[in-house]
Amino acid sequence: MSKYRQLQNIFIDRIEVNQYIGLDTSILFYNKLQESIQKPLKMILLYGKPGTGKSVLINKIYHDTKDKRNVFLISTPIQQEEEFIKKLYTFLLPESTLPEDLTYNKFIDICNALKEKKHITVLLDEAQLYSSSMMEKIRLISDTRTIKFVVSLHKTEKEDLIAKEHFQSRIWETIELKNGTIHDTNMYVQKKLIQQNYFEIANMFRKNNIRLIHKFTKGNYREINKLMFTLFEIYDYYETNKPSKIAGSNIKNKYLEMSALKLGYINA
Amino acid sequence: MLEIDKLEREWLRYRLKRIKPWIFLSITLLLTVATAVWVTKSGYNSTLKGGGNEKVKIAVQTAATATDASSNVESVSATVEKESVTKSEKVVERKPKEAVSQTAPQEKETTKEQMRSAEAGEPGVILNPDTGFMESLSAPKKERRPQKVYRAVETAREETVSSSTIDRPKSSTVEKSADTETEVKKKNSENTGGSGLQILSTKTNNTLQLLIKRFNRNNDPKLASYIAQSYYKKGDYKEAVKWSVAANSLDPSGEESWLIFARAKVKLGKRDEAVKALRVYLNQYSSRKVRSYLRRLESKE
Ligand SMILES: Nc1ncnc2c1ncn2[C@@H]1O[C@H](COP(=O)(O)OP(=O)(O)OP(=O)(O)O)[C@@H](O)[C@H]1O
Ligand SMILES: [Mg+2]
Numbered sequence: 333m334s335k336y337r338q339l340q341n342i343f344i345d346r347i348e349v350n351q352y353i354g355l356d357t358s359i360l361f362y363n364k365l366q367e368s369i370q371k372p373l374k375m376i377l378l379y380g381k382p383g384t385g386k387s388v389l390i391n392k393i394y395h396d397t398k399d400k401r402n403v404f405l406i407s408t409p410i411q412q413e414e415e416f417i418k419k420l421y422t423f424l425l426p427e428s429t430l431p432e433d434l435t436y437n438k439f440i441d442i443c444n445a446l447k448e449k450k451h452i453t454v455l456l457d458e459a460q461l462y463s464s465s466m467m468e469k470i471r472l473i474s475d476t477r478t479i480k481f482v483v484s485l486h487k488t489e490k491e492d493l494i495a496k497e498h499f500q501s502r503i504w505e506t507i508e509l510k511n512g513t514i515h516d517t518n519m520y521v522q523k524k525l526i527q528q529n530y531f532e533i534a535n536m537f538r539k540n541n542i543r544l545i546h547k548f549t550k551g552n553y554r555e556i557n558k559l560m561f562t563l564f565e566i567y568d569y570y571e572t573n574k575p576s577k578i579a580g581s582n583i584k585n586k587y588l589e590m591s592a593l594k595l596g597y598i599n600a
Numbered sequence: 141m142l143e144i145d146k147l148e149r150e151w152l153r154y155r156l157k158r159i160k161p162w163i164f165l166s167i168t169l170l171l172t173v174a175t176a177v178w179v180t181k182s183g184y185n186s187t188l189k190g191g192g193n194e195k196v197k198i199a200v201q202t203a204a205t206a207t208d209a210s211s212n213v214e215s216v217s218a219t220v221e222k223e224s225v226t227k228s229e230k231v232v233e234r235k236p237k238e239a240v241s242q243t244a245p246q247e248k249e250t251t252k253e254q255m256r257s258a259e260a261g262e263p264g265v266i267l268n269p270d271t272g273f274m275e276s277l278s279a280p281k282k283e284r285r286p287q288k289v290y291r292a293v294e295t296a297r298e299e300t301v302s303s304s305t306i307d308r309p310k311s312s313t314v315e316k317s318a319d320t321e322t323e324v325k326k327k328n329s330e331n332t333g334g335s336g337l338q339i340l341s342t343k344t345n346n347t348l349q350l351l352i353k354r355f356n357r358n359n360d361p362k363l364a365s366y367i368a369q370s371y372y373k374k375g376d377y378k379e380a381v382k383w384s385v386a387a388n389s390l391d392p393s394g395e396e397s398w399l400i401f402a403r404a405k406v407k408l409g410k411r412d413e414a415v416k417a418l419r420v421y422l423n424q425y426s427s428r429k430v431r432s433y434l435r436r437l438e439s440k441e
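Respectively, the protein sequence lines represent chains A and B.
If you read the first sequence in the working numbering, its first letter stands for residue 333, the second for the next number, and so on.
If you read the second sequence in the working numbering, its first letter stands for residue 141, the second for the next number, and so on.
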């Protein structure tokens, strides 16, 4: 595979804990979330625009938790109530066999019975996909204080939720993830490339390139990924067809602009 | 599939769209300056004959050196008279570069000619081209080379042109095609010793430390080059030299390490060492980049 093909691959959207990048802001959120998990809270809300790194963060937290008996992750929502309850049961009591007729009410009873004896934390990613009746049930489970939930969802859905009265009265710890600053953008691009040993390529990104990348993507990591992917797609094309066009020791802003045109960030 | 041709065309349209307002601005600017000059013409003439003579002379020289030969000066005046945007833009663009490489005033004759024509009542010849040059210079930092010229020009201008022209928007040089823009920027950063990535430099220590650790484990010459480059960008030229040597000893064929070495040496005031090293490199390997940098160094000698 050609060099620029490989570089494209680096910027494909995916959640891999070993590719987590400690950016100034993401480290801040990471610590904040770790702290919140230690506090006696029922629910923690992690929200932010798409592509701000919520899934990456939640996965990293899960991965870093040494004591796997106490922290669990549900990365894709389980829509079926029954299935969801079963899952929670196996988290809570991994040794005991699943009761045949496990209902929601029965599960609440079990949780109440375990009060003061057992506490676990369950991380729920993409929680905007749970129905509001399901969210209400999740909230009631958290009231037993046996299971603490970290709920990660898109911003707009959070505003929805907050508007709903039953959530307003609850104690939530909220953490909002934001787009990266220009400094984060720089770090993200540099570290992504260095991680895969592309030192020369990392060097080709100068301050004016980063400024442009930040301008186009607003520091949103998913958008940065898309822009970088397209940029290397263009570089790959020129490398095979007109190599002279990409000679030089910096990234040409022209190609960043062409990528932005292709992705519709700007138009001619 | 990537439709490069379509994208290239789209990009051209995009660029053109962005440049349009600047072309318009430059026309207005030229018109205003020309008018201002016209208005202050009589006052200007008396300055020329009085004490202000020296400074104006320098301004004239700048105008002259900016163009390659005396004949071109005429074209400048022609341009100004016609207020044709394209030509004057060309002049503006060239000026900073040429002004840097010029050291001694060689073209005395031209200057005199210029002076005469100026006295004859064509002050526009001197002033018009200068303004664009000024504005394009006012953005960068103080250590820039052309500063001497710049100051002189400024004083001359302040004496003649009303102050209203000073806070005019930046010249159209900035809005050239992307390629020229990067080129100019690169030059700037080389001149000031500033980095392409200052952001990195403010908070990199940690990252750099990590990279050094990693290097100690894997001895990757590319990594050493990268570290050298990072130090260079931070302005730590001694460390940059150290790391480029490390990279070099692991992989002598890599042009990058030689280039960083040379650049850092130049920054440390050891141009001759830089030149020597690059010559050694070119004896064994061929590299366009190294050759062109060496040529640049030698021409500055
Ligand atoms: N700290 C980080 N380290 C490495 N990659 C990151 C980091 N933050 C974000 N990314 C990149 O950004 C992409 C998008 O992040 P993520 O999927 O976590 O967004 P999200 O906030 O969960 O979005 P959504 O609301 O759509 O689920 C990831 O695939 C990853 O490549
Ligand atoms: Mg997500």
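Just so you know, these hints were derived from the structure itself, not from any lab.
Take these hints with a grain of salt, some might be off.
As the list claims (entries may be wrong) - Where chain B lies over chain A, by a calculated footprint (3+ residues, C-beta under 8 Å):
hint: 1; region: 375–381
hint: 2; region: 560–569
To be verified - In silico BS3-like cross-links for lysine-lysine, where the CA-CA straight-line distance does not exceed 25 Å:
hint: 3; chain 1: B; residue 1: 353; chain 2: A; residue 2: 524
hint: 4; chain 1: A; residue 1: 539; chain 2: B; residue 2: 429
hint: 5; chain 1: B; residue 1: 374; chain 2: A; residue 2: 524
hint: 6; chain 1: A; residue 1: 539; chain 2: B; residue 2: 146
hint: 7; chain 1: B; residue 1: 429; chain 2: A; residue 2: 547
hint: 8; chain 1: B; residue 1: 429; chain 2: A; residue 2: 574
hint: 9; chain 1: A; residue 1: 574; chain 2: B; residue 2: 181
hint: 10; chain 1: A; residue 1: 547; chain 2: B; residue 2: 146
hint: 11; chain 1: A; residue 1: 469; chain 2: A; residue 2: 418
hint: 12; chain 1: A; residue 1: 586; chain 2: B; residue 2: 157
hint: 13; chain 1: B; residue 1: 429; chain 2: A; residue 2: 577
hint: 14; chain 1: A; residue 1: 539; chain 2: B; residue 2: 416
hint: 15; chain 1: A; residue 1: 523; chain 2: B; residue 2: 382
hint: 16; chain 1: A; residue 1: 577; chain 2: B; residue 2: 157
hint: 17; chain 1: B; residue 1: 157; chain 2: A; residue 2: 547
hint: 18; chain 1: A; residue 1: 577; chain 2: B; residue 2: 146
hint: 19; chain 1: B; residue 1: 416; chain 2: A; residue 2: 335
hint: 20; chain 1: A; residue 1: 539; chain 2: B; residue 2: 362
hint: 21; chain 1: A; residue 1: 550; chain 2: B; residue 2: 157
hint: 22; chain 1: A; residue 1: 523; chain 2: B; residue 2: 146
hint: 23; chain 1: A; residue 1: 335; chain 2: B; residue 2: 181
hint: 24; chain 1: A; residue 1: 539; chain 2: B; residue 2: 407
hint: 25; chain 1: A; residue 1: 364; chain 2: A; residue 2: 374
hint: 26; chain 1: B; residue 1: 362; chain 2: A; residue 2: 523
hint: 27; chain 1: B; residue 1: 362; chain 2: A; residue 2: 524
hint: 28; chain 1: B; residue 1: 407; chain 2: A; residue 2: 586
hint: 29; chain 1: B; residue 1: 416; chain 2: A; residue 2: 586
hint: 30; chain 1: B; residue 1: 378; chain 2: B; residue 2: 410
Claimed, not checked - From the structure, some residues in chain B lie toward chain A, with a derived Cβ separation under 7 Å:
hint: 31; residue: 142
hint: 32; residue: 144
hint: 33; residue: 145
hint: 34; residue: 153
hint: 35; residue: 154
hint: 36; residue: 165
hint: 37; residue: 348
hint: 38; residue: 362
hint: 39; residue: 366
Here the structure is a predicted model, which means the values were calculated and not measured.
Just so it is clear, CB atoms sit at the ideal spot from N, CA and C, and this is done for glycine as well.
Index of numbered hints that the structure contradicts, given in increasing order: 1, 6, 7, 9, 14, 19, 22, 23, 28, 29, 33, 36 and 37
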